[in-house]
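Here's the letter readout for the chains.
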Amino acid sequence: MATLHVLSHSPFADSRLSSCLRLLGGDDAILLCGDATYALTASTAARQALEAKADSLKLFILDEDAKARNLTLPEWVQSVDYPGFVALSVQYDKVNTWL
Amino acid sequence: MLSRVFEFFIIGPIHSCHPLTEPSMKFAIALYSPAHAASSRRALLFAQAVLCGGHDIVRLFFYQDGVHSTSANVVTPQDELDVPALWRDFVSDNRLDGVVCIAAGLRRGVLNQEEAERYSRPAANLPAPWDLSGLGQLHDAVQAADRLICFGGP
Amino acid sequence: MPKSLLIISRQSPWSGPSAREALDIALAGGAFDLPLGMLFLDDGVLQLLPSQSAKALQQKDLTANLQALSMFGVEELFACRTSLAERGMTSTELSVEPLQIVSDQDIAALIDRYDQVITI
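Protein chains in written order, with my numbering: chain A, 1 to 99; chain B, 1 to 154; chain C, 1 to 120.
Hints in this document: simulated from the structure, not taken from any laboratory. The beta-carbon is built from N, C-alpha and C at its ideal position, and this holds for glycine as well. Do not take every clue at face value.
Stated by the list, open to error - Within a straight-line C-alpha distance of at most 30 Å, the following computed DSS-like cross-link-like pairs (lysine-lysine) qualify:
| hint | chain 1 | residue 1 | chain 2 | residue 2 |
| --- | --- | --- | --- | --- |
| 1 | C | K55 | A | K58 |
| 2 | B | K26 | A | K58 |
| 3 | B | K26 | C | K3 |
| 4 | A | K53 | A | K67 |
Said to hold, decoys possible - Here chain B is said to cover these stretches of chain C; the calculated rule only asks that three of the stretch's residues, wherever they fall, bring their Cβ under 8 Å from a Cβ of chain B:
| hint | stretch |
| --- | --- |
| 5 | 16 to 25 |
| 6 | 64 to 76 |
As the list claims (entries may be wrong) - Some but not every residue of chain B turned toward chain C, in silico, with C-beta under 7 Å:
| hint | residue |
| --- | --- |
| 7 | Q64 |
| 8 | I102 |
| 9 | L106 |
| 10 | Q137 |
| 11 | H139 |
| 12 | V142 |
| 13 | A144 |
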């Protein structure tokens, strides 16, 4: 069983990303959207925390949010559009949005 | 008038936009944020993509500040996306079940005609296609759907 | 067989309606006899502090409703051990029971076990 966790809050002002990373199951994935995409900003603790899990964690980002913020994406993150977001929600057993 | 047409943003009834490559699923979509939050538009585009992908939406449930996304009283600046109007059109054009939680709505001043009269409030701001109902409808949708997706926050 | 739902409550009791509205989802589901669980995580564990006074803020008593959860058929209540420790609550006598204190790994398994999840 695997869960897709969806985050949209900035990791700098908020503990959702760090809590989420603590609670991940072995096959879970994270989709970053909205301000959570800032977690990929270079030279940040958030990016380091994600990179440390790059081998075991599937990480996705909503393409429009990455583009809006002019983020450079590392190769261990996969960019998805809305049809891709829907496909992920079908592929994973459940979606847990960190409201 | 929209200043941009978003890539696959479709206004009007949606027919399948992509050939279905996986079994059709039933989605329950819940929104917790007002129209001016990025997550409200995000939820709308996701919902459109669900229908485009050949899946079904069992219900759209608006809870917490999500009730504000359905208010007919929101006036959007002309050079911005009119998200409440787009939600309303999406629900009516596709004949979807759009339910606004009554407790969350009352608390936030989102009332249909009946509730405005019941509580002697000066205005009703929840016309069709919206239904005002209880949390039982959220639970009912969760039971009926294959997937529950919530949107909220930024 | 009805689908089970885990409600994860992450907000403190007094900052806004989120704690109350998470609880309302649980109580509504309990009224329909649905299999539900509730997990208190991050600031959500602050709802479990004893001897709080809603009256002091002219608000409704959340604690009484939390204590009524099991009466409404919501018997699976959990609190995150790490969240409690971060907030100095490891030895605190919590205001709600029965309550299982769970580790991070337990929580991953919990989320897996339930059919659906709502995090508020």
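Status of the hints after comparison with the structure:
{"no.": "1", "hint": "C:K55 x A:K58", "result": "violated, 47 Å"}
{"no.": "2", "hint": "B:K26 x A:K58", "result": "holds, 25 Å"}
{"no.": "3", "hint": "B:K26 x C:K3", "result": "holds, 14 Å"}
{"no.": "4", "hint": "A:K53 x A:K67", "result": "holds, 24 Å"}
{"no.": "5", "hint": "16 to 25", "result": "holds (count 5)"}
{"no.": "6", "hint": "64 to 76", "result": "violated (count 0)"}
{"no.": "7", "hint": "Q64", "result": "holds, 6 Å"}
{"no.": "8", "hint": "I102", "result": "violated, 11 Å"}
{"no.": "9", "hint": "L106", "result": "violated, 12 Å"}
{"no.": "10", "hint": "Q137", "result": "violated, 9 Å"}
{"no.": "11", "hint": "H139", "result": "holds, 5 Å"}
{"no.": "12", "hint": "V142", "result": "holds, 5 Å"}
{"no.": "13", "hint": "A144", "result": "violated, 9 Å"}
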